[in-house]
Amino acid sequence: MSLITLENVMKQEDTRTVLKNLNLIIKEKSQIGIKMTNNESSVLFKLLTGEVTPSSGRIEKGSSCIATELTEDGLYEDLTISSYLTIFKKIAGFHNPLEEFIGIFSLSDIWNTKISRLSLDQKKRVSLLRMSLFSPDLLLIQSPLSNSTIEGTELYIKALEHLKSNNAAILFTSHFLEELLLLSNDIYRYNRYIGLEKTDLSNGNQLTPNDKTETGFKPNNVYKVTSKMADKTIFFSPDEIDFIESINSVSNLRIGEEYFPTDLTMNELEEKLTHFGFFRCHRSYLVNLQRVSELVSYSKNSYTLILKGHPNVKLPLSRSRLEEMKTLIEF
Amino acid sequence: MKLSFRKINAVLQLRLKLMLSNMSILFTPIFAIGFVIVMGSLMPEVETGEAGAPFSTSGFLLSFGLIFNVAIAGISMSSSPIAEEKEKHTLRVLMTSSVKGGEYFIGSMIPTLLILITTNILLIPASGVPFGEIPLPTYIVITTLASLVSILIGYIIGIYSKNQAQASLVSTPILLILTSTPVLRTFNENLAEILDYTYGGVLANLAESLSFNNEYQWNVTDTSVLLGSLFISLGIFVYVYKKNGLDHE
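Top to bottom, those sequences are chains A and B.
Under the working numbering, the first residue of the first sequence carries the number 526, and numbering increases by one thereafter.
Under the working numbering, the first residue of the second sequence carries the number 219, and numbering increases by one thereafter.
One should not assume that every hint holds.
Claimed, not checked - EDC-like, lysine to aspartate or glutamate: derived pairs with alpha carbons at most 16 Å apart:
no., chain 1, residue 1, chain 2, residue 2
1, B, K461, A, E686
2, A, K554, A, E686
3, A, K749, A, E795
4, B, K235, A, E602
5, A, K571, A, E538
6, B, K235, A, E679
7, B, K306, A, E602
8, B, K380, A, D598
9, A, K648, A, D711
10, A, K753, A, E783
11, B, K306, A, E597
12, B, K306, A, E576
13, A, K648, A, D603
14, B, K306, A, D598
15, A, K648, A, E679
16, A, K639, A, D603
17, A, K648, A, E576
18, B, K380, A, E686
19, A, K614, A, E625
20, B, K318, A, E576
21, B, K460, A, E576
22, A, K833, A, E782
23, A, K839, A, E795
Quick caveat, the hints were computed from the structure, so don't treat them as lab data.
Note that this is a predicted model, so its numbers are computed, not measured.
Here chain A stands alone, though its shape is the one from the complex (with noise of 0.2 Å):
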């Protein structure tokens, strides 16, 4: 059962356009991860609330009960956890006594401390019990585990476990990839000029030996570059790359404003994307020449090409490769 369906949704704030191309659903105990900035999210939270609503496109609710957490959330830092807790739970006419959720939320042995007293990690996992106890049908949440520790993260993960047990759908949206890999079964990224895109998933021992020799069926014009992140694998297709570089013979895929670590050398890869518009414009650089906007000349040798989006991004172009470069791009 789908709980919020977004359809081309665009939202303009000040005559600046946040928002565009949104196309999005979220089905019941889905767990959604977007790379997105906080700024974004906001409005996103917003338009999901129904706080405000969307310039172009359709927001289809099914569910009314939303529980939403910002980063800049605070909490009454003069209660206690006990305290403030038991007010929430006259606000949401919660009936179940909260010492159940005491142990679920890794929280016994701070129950009576002040909230002044507690780690974010602590204070992440009180704003987390806070909203379960409004039994929420999908929680829309803003980079929890940013500054948290490993052991903040895992129990915050542990926690969240018991909204998953209720059925309850949780949005979660960062700036890091990373947060969201731990997160979430979904990955979407956020990009101004194309909206939202999917990110392939696959867990690392998902992908087995046999399941390569055994398929008889191969495909020949699909390419995605893989890098490992923590226990997973991601899969960017090569439009979603802007370029690659090379940083201590790691060769890196800069995807909007993050680097990615590939196990494939500049060689290999070069290899590769050629075919995908992809050009070697340094030793040690491969451009995506779909995000190539200009061609800047400082000196007789020196040229240097500035992406689309990206107008700090400099990437150091050979003169040697210059006539190749207009020779594929014809100008």
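Mind docking chain B on chain A? Use the hints.
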């Protein structure tokens, strides 16, 4: 708008717990009583008609204490928590937890109003006005209505302010005008007549007439001024709330 008693009660408990955990908000009402006691011990006792001036020390102290409590404490105790909640980003959490604006305002208003009423009563013995001669119901009705006006003014300031510093800055000129009412009334008769049409002036009139051992007489002017102030502040409050919401960015 249907309001939930359960949620009003929850907000009320929240406000009480916050007051108990951080007593600084009670500083102004306590200071009003303390200030009246200290001033009373320092000022010479002057009674009605002495030296030809219609002045009474106890009346002046009571009106000063009432203005101090009703205006300063009333406005700051209602504007400061809203501004603080905005500054610390706790208001958004509360408002997105299904609490309506009306429930928040009523729940927050009750403890503030009770503290103001209690302080207004305690100011009678503190100022030296004979307690037995006070028509308590009239006194409570007038001071409570004036306290409500202050709370509403505080809410308007709280809605407009983004943080506590801004709330203090906006409150200062309003508080300055209101607190100088008893003093300004003694300086100039024309000014006193103008100030009679403010709710601060009504409080000062009440305090003075009580201190002169006269029974306070309800009159059309005071009633109209009080009710007028209440409705005007309520109107502005509703307009500002509808225009800005509680936690506008």
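Hint check:
| no. | hint | verdict |
| --- | --- | --- |
| 1 | B:K461 / A:E686 | 41 Å, violated |
| 2 | A:K554 / A:E686 | 11 Å, holds |
| 3 | A:K749 / A:E795 | 13 Å, holds |
| 4 | B:K235 / A:E602 | 12 Å, holds |
| 5 | A:K571 / A:E538 | 12 Å, holds |
| 6 | B:K235 / A:E679 | 32 Å, violated |
| 7 | B:K306 / A:E602 | 9 Å, holds |
| 8 | B:K380 / A:D598 | 15 Å, holds |
| 9 | A:K648 / A:D711 | 26 Å, violated |
| 10 | A:K753 / A:E783 | 14 Å, holds |
| 11 | B:K306 / A:E597 | 8 Å, holds |
| 12 | B:K306 / A:E576 | 21 Å, violated |
| 13 | A:K648 / A:D603 | 13 Å, holds |
| 14 | B:K306 / A:D598 | 8 Å, holds |
| 15 | A:K648 / A:E679 | 14 Å, holds |
| 16 | A:K639 / A:D603 | 6 Å, holds |
| 17 | A:K648 / A:E576 | 26 Å, violated |
| 18 | B:K380 / A:E686 | 37 Å, violated |
| 19 | A:K614 / A:E625 | 13 Å, holds |
| 20 | B:K318 / A:E576 | 14 Å, holds |
| 21 | B:K460 / A:E576 | 14 Å, holds |
| 22 | A:K833 / A:E782 | 13 Å, holds |
| 23 | A:K839 / A:E795 | 20 Å, violated |
Figure legend: structure checked against the earlier numbered hints; hints not met, in rising order: 1, 6, 9, 12, 17, 18, 23.
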